[in-house]
Amino acid sequence: MKILVAEDEPIMLKTISLRLKKDGHDVMTTDNGREALSMIDEHSPDLIITDIMMPYASGLEIVGTVKQQEKKIPVIVLSAMGQENVVLEAFNLGADDFIAKPFSPNELSMRVKRLMAR
Amino acid sequence: MSVWQVLYDLFTYGIFVYSVAILCFYIFIGLYSIGETRKYIRKSTFSNYNILASSEHAPSLSILAPAYNEGATIIENVRSLLNIYYNNFEVIIINDGSKDDSLQKLVAEYDLVQVPYFTEQALKTKPIRGVYKSNNPVYKKLVVVDKVNGGKADALNVGINVARNQYVVCIDVDCILEQDAMLKLIKPFLETPDKRVIATGGVVRIANSCEVEDGKIVRVHLPKQFLPRMQTLEYIRAFLLGRMAWSRMDGLLLISGAFGAFDREIVIKAGGYDTKTVGEDMELVVRMRRYMIDNKIPYSLAYIPDPLCWTEAPVTYKILGRQRNRWTRGTIETLRQHRRMFFNRKYGVLGWVSYPYWFFFELLAPLIEFVGFIAFLVFAFLGMMDWKFFAALLLFIYAFAAVFSVFAILMEVMTYNQYKKRREIASLMLTALLEPIFFHPFTVWSAVKGNIDLLRKKKSWGEMSRQGFATKKNAVVLNNG
Amino acid sequence: MKTLIPYPVLLKTILPYQYLLNAAFFFTVVVAIILLFVLFFLQRYRKQRQRKVQLRALFSDLIAGIAICESEEERQDTLQQFLQEHKPRLQKSFTRNILIREIVKTKDSISGIAAENLQWLYETLSLDRDSLLRFGSSLWYRKASAIQHLAEMQQTKHLVKIYRDTNHANYYIRTEAQIAVVKLTGFNGLRFLNIVSHPVSQWQQLSLISQLQQSEADAAQIAPWLRSENSSVVEFALRLVAIYKCHELYSQTMACLQHASPMVRMQALQAAKEIYDDTTLPRLLLHFDKATKGEQAAILDMLPEIGAGSGEIGFLTTLLQHDDDGIRFRAMQLIQQISPAWSSQVMLHVKDNPSFAAILPLLQKQAV
Numbered sequence: 019m020k021i022l023v024a025e026d027e028p029i030m031l032k033t034i035s036l037r038l039k040k041d042g043h044d045v046m047t048t049d050n051g052r053e054a055l056s057m058i059d060e061h062s063p064d065l066i067i068t069d070i071m072m073p074y075a076s077g078l079e080i081v082g083t084v085k086q087q088e089k090k091i092p093v094i095v096l097s098a099m100g101q102e103n104v105v106l107e108a109f110n111l112g113a114d115d116f117i118a119k120p121f122s123p124n125e126l127s128m129r130v131k132r133l134m135a136r
Numbered sequence: 365m366s367v368w369q370v371l372y373d374l375f376t377y378g379i380f381v382y383s384v385a386i387l388c389f390y391i392f393i394g395l396y397s398i399g400e401t402r403k404y405i406r407k408s409t410f411s412n413y414n415i416l417a418s419s420e421h422a423p424s425l426s427i428l429a430p431a432y433n434e435g436a437t438i439i440e441n442v443r444s445l446l447n448i449y450y451n452n453f454e455v456i457i458i459n460d461g462s463k464d465d466s467l468q469k470l471v472a473e474y475d476l477v478q479v480p481y482f483t484e485q486a487l488k489t490k491p492i493r494g495v496y497k498s499n500n501p502v503y504k505k506l507v508v509v510d511k512v513n514g515g516k517a518d519a520l521n522v523g524i525n526v527a528r529n530q531y532v533v534c535i536d537v538d539c540i541l542e543q544d545a546m547l548k549l550i551k552p553f554l555e556t557p558d559k560r561v562i563a564t565g566g567v568v569r570i571a572n573s574c575e576v577e578d579g580k581i582v583r584v585h586l587p588k589q590f591l592p593r594m595q596t597l598e599y600i601r602a603f604l605l606g607r608m609a610w611s612r613m614d615g616l617l618l619i620s621g622a623f624g625a626f627d628r629e630i631v632i633k634a635g636g637y638d639t640k641t642v643g644e645d646m647e648l649v650v651r652m653r654r655y656m657i658d659n660k661i662p663y664s665l666a667y668i669p670d671p672l673c674w675t676e677a678p679v680t681y682k683i684l685g686r687q688r689n690r691w692t693r694g695t696i697e698t699l700r701q702h703r704r705m706f707f708n709r710k711y712g713v714l715g716w717v718s719y720p721y722w723f724f725f726e727l728l729a730p731l732i733e734f735v736g737f738i739a740f741l742v743f744a745f746l747g748m749m750d751w752k753f754f755a756a757l758l759l760f761i762y763a764f765a766a767v768f769s770v771f772a773i774l775m776e777v778m779t780y781n782q783y784k785k786r787r788e789i790a791s792l793m794l795t796a797l798l799e800p801i802f803f804h805p806f807t808v809w810s811a812v813k814g815n816i817d818l819l820r821k822k823k824s825w826g827e828m829s830r831q832g833f834a835t836k837k838n839a840v841v842l843n844n845g
Numbered sequence: 611m612k613t614l615i616p617y618p619v620l621l622k623t624i625l626p627y628q629y630l631l632n633a634a635f636f637f638t639v640v641v642a643i644i645l646l647f648v649l650f651f652l653q654r655y656r657k658q659r660q661r662k663v664q665l666r667a668l669f670s671d672l673i674a675g676i677a678i679c680e681s682e683e684e685r686q687d688t689l690q691q692f693l694q695e696h697k698p699r700l701q702k703s704f705t706r707n708i709l710i711r712e713i714v715k716t717k718d719s720i721s722g723i724a725a726e727n728l729q730w731l732y733e734t735l736s737l738d739r740d741s742l743l744r745f746g747s748s749l750w751y752r753k754a755s756a757i758q759h760l761a762e763m764q765q766t767k768h769l770v771k772i773y774r775d776t777n778h779a780n781y782y783i784r785t786e787a788q789i790a791v792v793k794l795t796g797f798n799g800l801r802f803l804n805i806v807s808h809p810v811s812q813w814q815q816l817s818l819i820s821q822l823q824q825s826e827a828d829a830a831q832i833a834p835w836l837r838s839e840n841s842s843v844v845e846f847a848l849r850l851v852a853i854y855k856c857h858e859l860y861s862q863t864m865a866c867l868q869h870a871s872p873m874v875r876m877q878a879l880q881a882a883k884e885i886y887d888d889t890t891l892p893r894l895l896l897h898f899d900k901a902t903k904g905e906q907a908a909i910l911d912m913l914p915e916i917g918a919g920s921g922e923i924g925f926l927t928t929l930l931q932h933d934d935d936g937i938r939f940r941a942m943q944l945i946q947q948i949s950p951a952w953s954s955q956v957m958l959h960v961k962d963n964p965s966f967a968a969i970l971p972l973l974q975k976q977a978v
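As given, the protein sequences belong to chains E, F and L, one line each in that order.
Going by our numbering, the first residue of the first sequence is number 19, and it counts up by one from there.
Going by our numbering, the first residue of the second sequence is number 365, and it counts up by one from there.
Going by our numbering, the first residue of the third sequence is number 611, and it counts up by one from there.
Honestly, the hints are just simulated from the structure, not real lab data.
From a predicted model like this one, the values you see are computed outputs, not experimental measurements.
Be aware that a few hints might be false.
[To be verified] According to the in silico footprint, chain E covers these stretches of chain F (three or more CB under 8 Å from chain E):
hint, region
1, 416-424
2, 447-455
3, 495-504
[Said to hold, decoys possible] Mimicking DSSO-like on lysine-lysine, the simulated pairs with C-alpha atoms at most 30 Å apart in a straight line are:
hint, chain 1, residue 1, chain 2, residue 2
4, F, 497, L, 903
5, E, 40, L, 662
6, L, 697, E, 40
7, F, 497, F, 469
8, F, 710, F, 660
9, F, 784, L, 715
10, L, 662, F, 785
11, E, 119, L, 715
12, F, 407, L, 702
13, F, 504, E, 89
Idealized CB from N, CA, C, for every residue including glycine.
The whole structure should be built from the sequences, with the hints applied where relevant.
Laid out in structure tokens, this is it:
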């Protein structure tokens, strides 16, 4: 399973990617939104996990862009911005799941599994 | 003693006292800013700004960006504004009757359609032609207002009318913001419990020669060109020493028009931007402060020393001259309009320190310097010069100027350290030594021209609005003090 | 800088030539000293930065590795592996402080077992001792950051000490201590509000609320805060009333509409919106004329939610004479919502009224 993780905080990025690798996934990482968008085009991952507050392009923009493409790659939004309006906006744009920080890496792993099983 | 002798004595003593006062003030500013800077740096080691981004209860804000013929860069600038770190905000682009295709470009790129929109007419402005919003939910925070041309102040007033939120952030559309800029700019509004914070202002830094990608500064460099480098030094001095000290005294008269946040309600009550002056940013702050004092409401202003906003500085003498000329006129107009504050006890620090400082050391300094220079020529021509003493005096002043600039560089290095290469710091030091000789006379001359223009064009202020403000970028008055 | 002063005959007597030269020489020396210092500082800064970057990279591996551990054994193995290679490094307090910062920062966005793992790491390396040392510092910024670290790492055993600082004279120590006790004990931590004599800034209120998220509220505790002499405490209590929907505090909340502080009154309206009952609407309408314009707008905005209906048409129609076009517009919009028929009659009536010129087209568009 090819998963793209976009998150600008290096330790978080490392933690998430280690956790997912433990589950046997193939993980690609980036710390900014622009690179994430180009990696999506280039590698077409099976799943995207993205933060909202990132340099160049926000996670919400990534969701919006991905969901306007033909191949609707599943997206999990992972953000400290857990306000209701942000969550609703993320789902409105087509996000498949929303996890608010502070989050549990184990829970993330479960949600990934569930999403992939669909 | 002849009359001439008396006049002559008055002249020399007057100038001497004036110079001593100005030197003392500079020393005071330099030393007084240290404590404030240190405190700020220390507290930011454990401040968590993210609460503001993640709280449901964070105040709402409207970012106002007036645009006049900015078609070349507007798409990218809007994108970077929309990607700012904040939750509860809207971006209002005010198209001030641009003659280019700015509006068409925005409509195409962001999928905009005209919508019915209620705007309070709290401030009187030129008419709005239409309000546009995006069909694409990704851009739902964007509002574009198309209006009849009326100049920057008028465009900002329209923005203030249209804004739905508690705070308005006024920025130049071509500024490059750090992504956490809004978090830092808004925090002081919430941090001063027993006073109403009416405005907060940020630092403006010079972006020439910096590496920019997709509307974001990637790497900071010292400008390679001569004039921008001189201005970099000026900005460091003004923002790191001057503003910091003024903010500590609670005597700030200016929040740069390129980047500042205001309490919308107070802006409206104070009457909004004045469309008749070229110094609308300074004038508004002074008027808001007067409003608060006149109505006896406890208030304060905050200044954030972090480099949050980057802008291109003029590269040619012609444009720089025009900019300084305009700043001079703006200062004079503002001070004239608010002359009641001059040594007025009611206005406290403003009346007794800020206003007199601006009057004597910002407004009069170039004129006095200029008169001094003329007098020097006359005396030299008449053979009345004591050259040895003159040389010593010149050396003294020059060395003092160098100390002040070098001290500012020291503060920059010890705080934000934007220019990390040793070569860049060396170059900045050299700039400090060259500035009094090559750059300063030019700024004096521009200021003198500003005075002359103001006297000459007194009656034809109406033309202001038609000029637009394409060249009014980074309208920050740089007060060293 | 200013170059002035021409031909100075008299000046020379009070300002001898030699003085000037001496001063100039002194300034030159100062410039030289600053220059040398800057160069030295840059050198040191660069070294330190390099070290920091290296350490951060090193620690990020450790922290991420520990965070995802699933058993005690795995934790021990991961840590031992790290210590085998890097143990000597951890002796320097500079290094340990960087590690603390990194752990704290990570813990802030992580929960569950991973968060427990980080706390285990912090305690196993005895980093709490470093924090405690900092806590004892007389420098406010050290102390404040230490409080933050201890709280983030759930060091409940130091709660009593931290609680004492919740009314500290220093703003930063006080606020960090307040956040810390709430972080450590949830809603109960808020009992410092009974004693706090300094204002609780809005920023602080947001920070406290963001710490409260999972806690249960106790209305009996909130009640006295609503009567506090510290108006910022009242304001904060009203926020809590709104968040936790404390219906039992309804009458106290409505009483706050008369409070002297405008911030409190505004917050009281927000709270009333969350806990309204049948009496709220008439009471707010009674209050309307005494309210400021901002409060009036807020009241109008909440009317539909608190059950305004055809009974309020008369009141709303009188508001069409109001001198503020924001209020007029809101009144008109409400009329439109409640009774479209009446609103079209009203619109016919006001269509020549110049004060409606700006908003009428918009209202008409909405009516369609």
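- When the hints from earlier in the document are held up against this structure, which numbers fail? No numbers; nothing is violated.
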